[in-house]
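Next come the chains, spelled out residue by residue.
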Amino acid sequence: MTPGSIRPEPILPAAIRPEPLLEVQGVGKTYGSVRALAGVSASVGAGEVLCVLGDNGAGKSTFIKILSGTHQHSEGTLLAFGVERRFAHPREALDLGIAAVYQDLAVVPLMPVWRNFFLGSEVTRGRGPLRRLDVASMRATTKHELGRMGIDLRDVDRPIGTLSGGERQSVAIARAVYFGAKVVILDEPTSALGVKQAGVVLSYIARARDRGLGVVFITHNPHHAYPVGDRFLLLQRGTSMGDFAKSEITIEEMTALMAGGAELEALAHELERP
Amino acid sequence: MTVAVGAGIDERKKRAHPLLTLVRRPEIGALVAALAIFLFFSVSTQAFLTPAGISTWLYSASLFGIMAVAVALLMIGGEFDLSAGAMTGTTGLIVGVVTTQWGLNIWLALVLALAVALSIGAGNAWVVMKTGLPSFIVTLATFFILQGCNLALTKLITGSVAIQGMGAVSGFDQVKVFFGSSFPLLGMDVKISIVWWIALTALATWVLLRTRPGNWIFAVGGQVTSSRQVGVPVFKVKLGLFMTTAGAGWLVGMLQLFDVSTVQATTGVGQEFIYIICAVVGGCLLTGGYGSAIGAALGALIYGMTLQGIVFAQWDNNWLKAFLGGMLLLAVLVNLLVRRQSGVRA
Numbered sequence: 001m002t003p004g005s006i007r008p009e010p011i012l013p014a015a016i017r018p019e020p021l022l023e024v025q026g027v028g029k030t031y032g033s034v035r036a037l038a039g040v041s042a043s044v045g046a047g048e049v050l051c052v053l054g055d056n057g058a059g060k061s062t063f064i065k066i067l068s069g070t071h072q073h074s075e076g077t078l079l080a081f082g083v084e085r086r087f088a089h090p091r092e093a094l095d096l097g098i099a100a101v102y103q104d105l106a107v108v109p110l111m112p113v114w115r116n117f118f119l120g121s122e123v124t125r126g127r128g129p130l131r132r133l134d135v136a137s138m139r140a141t142t143k144h145e146l147g148r149m150g151i152d153l154r155d156v157d158r159p160i161g162t163l164s165g166g167e168r169q170s171v172a173i174a175r176a177v178y179f180g181a182k183v184v185i186l187d188e189p190t191s192a193l194g195v196k197q198a199g200v201v202l203s204y205i206a207r208a209r210d211r212g213l214g215v216v217f218i219t220h221n222p223h224h225a226y227p228v229g230d231r232f233l234l235l236q237r238g239t240s241m242g243d244f245a246k247s248e249i250t251i252e253e254m255t256a257l258m259a260g261g262a263e264l265e266a267l268a269h270e271l272e273r274p
Numbered sequence: 001m002t003v004a005v006g007a008g009i010d011e012r013k014k015r016a017h018p019l020l021t022l023v024r025r026p027e028i029g030a031l032v033a034a035l036a037i038f039l040f041f042s043v044s045t046q047a048f049l050t051p052a053g054i055s056t057w058l059y060s061a062s063l064f065g066i067m068a069v070a071v072a073l074l075m076i077g078g079e080f081d082l083s084a085g086a087m088t089g090t091t092g093l094i095v096g097v098v099t100t101q102w103g104l105n106i107w108l109a110l111v112l113a114l115a116v117a118l119s120i121g122a123g124n125a126w127v128v129m130k131t132g133l134p135s136f137i138v139t140l141a142t143f144f145i146l147q148g149c150n151l152a153l154t155k156l157i158t159g160s161v162a163i164q165g166m167g168a169v170s171g172f173d174q175v176k177v178f179f180g181s182s183f184p185l186l187g188m189d190v191k192i193s194i195v196w197w198i199a200l201t202a203l204a205t206w207v208l209l210r211t212r213p214g215n216w217i218f219a220v221g222g223q224v225t226s227s228r229q230v231g232v233p234v235f236k237v238k239l240g241l242f243m244t245t246a247g248a249g250w251l252v253g254m255l256q257l258f259d260v261s262t263v264q265a266t267t268g269v270g271q272e273f274i275y276i277i278c279a280v281v282g283g284c285l286l287t288g289g290y291g292s293a294i295g296a297a298l299g300a301l302i303y304g305m306t307l308q309g310i311v312f313a314q315w316d317n318n319w320l321k322a323f324l325g326g327m328l329l330l331a332v333l334v335n336l337l338v339r340r341q342s343g344v345r346a
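Quick note, the sequences are listed as chains A and B, same order.
In terms of full-length UniProt numbering, the first sequence opens at residue 1 and continues consecutively.
In terms of full-length UniProt numbering, the second sequence opens at residue 1 and continues consecutively.
Since the hints were made in silico from the structure, they are not lab data.
None of the values given here were measured: they were computed from a predicted structure.
Only pairs whose alpha carbons sit at most 25 Å apart, straight line, appear in this in silico DMTMM-like list of lysine to aspartate or glutamate:
(1) A/Lys143 / A/Asp104
(2) B/Lys236 / A/Asp95
(3) B/Lys236 / A/Glu92
(4) A/Lys143 / A/Glu167
(5) A/Lys196 / A/Glu252
(6) A/Lys143 / A/Asp155
(7) B/Lys236 / A/Asp104
(8) A/Lys182 / A/Glu145
(9) A/Lys182 / A/Asp210
(10) A/Lys246 / A/Glu19
(11) A/Lys143 / A/Asp157
(12) B/Lys236 / A/Glu122
(13) A/Lys196 / A/Asp55
(14) B/Lys236 / A/Asp134
(15) A/Lys182 / A/Glu23
Sample of chain A residues with no beta-carbon within 10 Å of chain B, all distances over it, derived:
(16) Tyr178
(17) Lys182
(18) Gln236
(19) Leu267
The C-beta atom is built at its ideal place from N, Cα and C for all residues, glycine as well.
Please build the complete structure, drawing on both the sequences and the hints.
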């Protein structure tokens, strides 16, 4: 950041980009004889948003499965906090602070928001047979943590299933952050949402970024990615079409690239009125 | 920006009516029904509200209640156990056979029966979890196996279909203190099973609402994949639930055996559905993830009161089954309504 500038450049020059928290160099994955992903390089640093864009079948899911430890990469290297890693289990990635928030959000709809927030990592007090849930502190923490993400819930006792899609998504992000995530990987968090709800989620992504987290944001919608992203990784049929900084690409170029440029042009000709 | 968005959500939220919040408690429907039935039989029969009458229907409710509470926990965890009824017979028969026929120490016999029950429960859990088959079908198989063994083995060993002469076994009176005794209270003759019932309902409620395993029970029943993703030990929770239900079957088996000092080979058969009905009347969803132990206890209270109330009113007791069916249908409809009202999106 150059001192004196009114607004920091959205994209920092390569020299002063933050140290990457998570980095892949030429990773690929083959399932049997199917090559799902090949030669992808990208990185995300603290306070950065890496958007991964691509059409259906472009390899986005394979990419996040490698990052989150669900699948192992079959080629290339993966560096987490500067150390080469090969995750055998999502738990290993989670223990390092790399948390994936999947589309199903891992919530239990009928359970209250606060119980969902702490599910699997409940806070207890007392010992032995008297060991019990610290309900008051979990309620308060949930309310506070959601507040920090800009989510104002009057009643954290509501079943989480009664929240809107955007709110649920945001609770899942807040939960990942609270439990020590330094990198959050969001799998299509906006794809099932309306325009307004998607806006809500995007603003929470910006919040997480401002709190110094690395965010990997998977989407197929350039209009969702462009406003919030710092870097853009474009995938097509399992290969990378490039890793661009925001200054290097416009939203029109991105859309054209994603749709397969030439193909879209041909389609435009076809659709023209005679 | 976020502030504006937050305000935007808030103004769309309708404040929940306090009454609606109350109605959302799973056990409210059962409480209202229990009160209504209590008032009805109190007014319409002479014997219902006498100390002797109260002791009778409370005892009746307690045996169903212990099982209903265990079955409710299991149902909240998303599973069924149709072998729960036959289990009360199996455990009673084991104790009866090994003490009267083979002269085993009565305390050892109790431990042996408990060990067998817990193993069967664990077996149910293991098959359900390893195969992914519905517990409804797996425990239906267990039910028929137990029912068959209860009859065949009892006949094979004793030559009859009932165990007699338990009272003559040494140590019977010591054990009876825990399982078959009673004490006077306010003119009533309170059976010890009522104490077990109340204590277990309280314990189950505490576990469900205030401990980690309780949280996990709701979670595995509500959304098992999510639970796994956040690190809930799904297998252990379900194993514990099946074993708890089997253990409750053992307890009820003992309570019946030491109360009347005899046990039939057909004991418990056909009662497994009554436990499920009590749990559903008490607010448990058949799909899991929602319900309450107190609700199930109230469901059993309704059943006990009706069972004895019909006798006191000198009606044909076949009406009980019709009543039970009506009650179940009503409860399921109320549950459906409540679930819709609370606006949960699956």
